[in-house]
Amino acid sequence: MSAILVPVVVLGGLGLLFGFSLGFASKAFAVETDPKADEIRKVLPGANCGACGYPGCDGCAVAIAEGNAPVSACIVGGSSVAEKIADIMGTDAGNVVREVATVLCQGDCSKAKNKYAYAGLRDCRAQNILAGGSKACSYGCLGCGTCVDVCDFDAIHIVNGVALVDKEKCVACQACIKVCPKGIIELVPYDNEVVVKCKSNDPGKVVRKNCSIGCIGCQICVKNCPENAFSFENNLARINYEKCTNCGICVGKCPTGAIFSGLEQLKENVQ
Amino acid sequence: MNIFTILISTIFVNNYVFSQFLGICPFLGVSNKTETATGMGLAVTFVVTLSSVITWVIQKTILDKFGLQYLQTIVFILVIASLVQFVEMFLKKSSPNLYKALGVYLPLITTNCIVLGVAILNIEQKYNIIETIVNSLGASIGFAIALLLMAGIREKFDFADIPKPLQGFPIGLITSGLMAIAFLGFYGIV
Chain A
1 MSAILVPVVV
11 LGGLGLLFGF
21 SLGFASKAFA
31 VETDPKADEI
41 RKVLPGANCG
51 ACGYPGCDGC
61 AVAIAEGNAP
71 VSACIVGGSS
81 VAEKIADIMG
91 TDAGNVVREV
101 ATVLCQGDCS
111 KAKNKYAYAG
121 LRDCRAQNIL
131 AGGSKACSYG
141 CLGCGTCVDV
151 CDFDAIHIVN
161 GVALVDKEKC
171 VACQACIKVC
181 PKGIIELVPY
191 DNEVVVKCKS
201 NDPGKVVRKN
211 CSIGCIGCQI
221 CVKNCPENAF
231 SFENNLARIN
241 YEKCTNCGIC
251 VGKCPTGAIF
261 SGLEQLKENV
271 Q
Chain B
272 MNIFTILIST
282 IFVNNYVFSQ
292 FLGICPFLGV
302 SNKTETATGM
312 GLAVTFVVTL
322 SSVITWVIQK
332 TILDKFGLQY
342 LQTIVFILVI
352 ASLVQFVEMF
362 LKKSSPNLYK
372 ALGVYLPLIT
382 TNCIVLGVAI
392 LNIEQKYNII
402 ETIVNSLGAS
412 IGFAIALLLM
422 AGIREKFDFA
432 DIPKPLQGFP
442 IGLITSGLMA
452 IAFLGFYGIV
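Chains A and B are the protein sequences, given in the same order. Going by the numbering used here, the first sequence opens with residue 1, and the numbers climb by one from there. Going by the numbering used here, the second sequence opens with residue 272, and the numbers climb by one from there.
Do not take every clue at face value.
What the hints assert, rightly or not - Calculated cross-link-like contacts (lysine-lysine; reagent style DSS-like; alpha-carbon spacing at most 27 Å):
(1) A/111 x A/253
(2) A/178 x B/364
(3) A/27 x A/42
(4) A/167 x A/111
(5) A/27 x B/364
(6) A/36 x B/371
Unchecked claim - Chain A regions said to be covered by chain B (calculated; three or more residues, Cβ under 8 Å):
(7) 24-36
(8) 233-241
Said to hold, decoys possible - Partial list, computed: chain A residues near chain B (C-beta under 8 Å):
(9) 15
(10) 16
(11) 18
If you're looking for bench data, these hints aren't it; they were derived computationally from the structure. Please read these numbers as outputs of a predicted model, since none were measured by experiment. Beta carbons: idealized from backbone N, C-alpha and C, even for Gly.
Work out the full structure, taking the sequences as your base and the hints as a guide.
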């Protein structure tokens, strides 16, 4: 009995002793911190994801309190957190656009061709080293799910060989954007339903050969857009999200289906 | 072994960084500027000396008495962790600039193996309390010297024409290896 009791008492006693002396020391050496920083820290999500560029939420709170960071510095918290922080700081939050990560590729197993069968490590970065991955299209999603592994919010999944972001769960922490070796994940405003989901700069003929849903550079969308929201360079159409009104004309005109409309997809899912 | 021999031996001959390879992490991490290196050296000196004395007392009065030598590691770690916390609070209050400069390396003293290494070696060598103090003081002075020398050299790197693949840590590792060989020159003094 004493063989157990003595060590427990000794270790517990020492722990208590040190605990109390540290508690005393923390009072004696207490440093006054900015109360604003403490309040801001309470409002922040506390995920410590580092998307703001500061080491954790503590660092972000101090930076905001000192005025080195804007009140909207927390990307994850979005406008609701920015408003609360603005209340604490006594300023106006301004208009914070909620953004979500979006994978700009739809070339799944049935639509995109492979140039070889990859059987190595299930990691996009490893696959990318082998001649740019197994996809015939050198810009496409490799589908190994490295972005899924780094997502702390369960917001990205591999669907039929292509990563797909769950808009509702995504907090725009940019972890997947940083890890994607192809650089095909981008932040898109949450309200924008119409997105060109292709990053290929190949000429149309090459795109056609490799993938049935890529942007072939026909520029039909550019000509038909009533808002002139499209720009076209390097064989790829781009949408200016500030101009786009989600009218969906381009979605209907696109011959390959490279322009993705979240609305259509949602309707299909419901049906 | 007399006290003077212990001091010289731990500072130069058995330098904990260069011949026993303890405390390499802060040695490479905090040796970019001589200013922070001095601060780190002082903080480590304080923690090592104080923790060695406390662990020695605890070993002799509690652990040996109750036959609890197997608790040595965990008890020593407890002492070291508490002391580092204490030093952190103290620095935050008395010298915020040094606190900021040391950054993450200050809490890392907790896991700096030189602290635990010295405390355990003091017991293994069967030192008495005075020898313990001298040995830990020597060990931490040796560490501080190594850190300062390294920082001084690394500050010169900025002006040196170093091949691109070797810039940063690689040249730091090569330099510390060369310094360890140089310290071999003290071998045979004691």
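Here's how the hints hold up against the structure:
1. A C-alpha spacing of about 19 Å is found between residue 111 of chain A and residue 253 of chain A, which places the hinted pair at or below 27 Å, so the restraint holds.
2. Distance check on the hinted pair: residue 178 of chain A and residue 364 of chain B sit about 38 Å apart at the alpha-carbon level, beyond 27 Å; violated.
3. Between residue 27 of chain A and residue 42 of chain A the alpha-carbon distance is near 22 Å, which keeps this suggested pair within the 27 Å criterion.
4. Between residue 167 of chain A and residue 111 of chain A the CA atoms are separated by roughly 23 Å; this keeps the pair inside 27 Å, and the hint holds.
5. Between residue 27 of chain A and residue 364 of chain B the CA atoms are separated by roughly 11 Å; this keeps the pair inside 27 Å, and the hint holds.
6. With a C-alpha separation of about 20 Å, the suggested pair residue 36 of chain A and residue 371 of chain B falls inside the 27 Å cut-off, and the hint holds.
7. Using a Cβ-Cβ cut-off of 8 Å, 5 residues of the region 24-36 of chain A lie near chain B, which meets the minimum of three, so the contact claim holds.
8. For the region 233-241 of chain A, the stated coverage by chain B is violated: 0 residues have a C-beta nearer than 8 Å to a C-beta of that chain, whereas at least 3 were required.
9. Nearest Cβ of chain B to the Cβ of residue 15 of chain A: about 6 Å, under the 8 Å cut. The hint holds.
10. Nearest Cβ of chain B to the Cβ of residue 16 of chain A: about 11 Å, over the 8 Å cut. The hint is violated.
11. Restraint check, residue 18 of chain A versus chain B: the minimum CB separation of about 4 Å is within 8 Å; hint holds.
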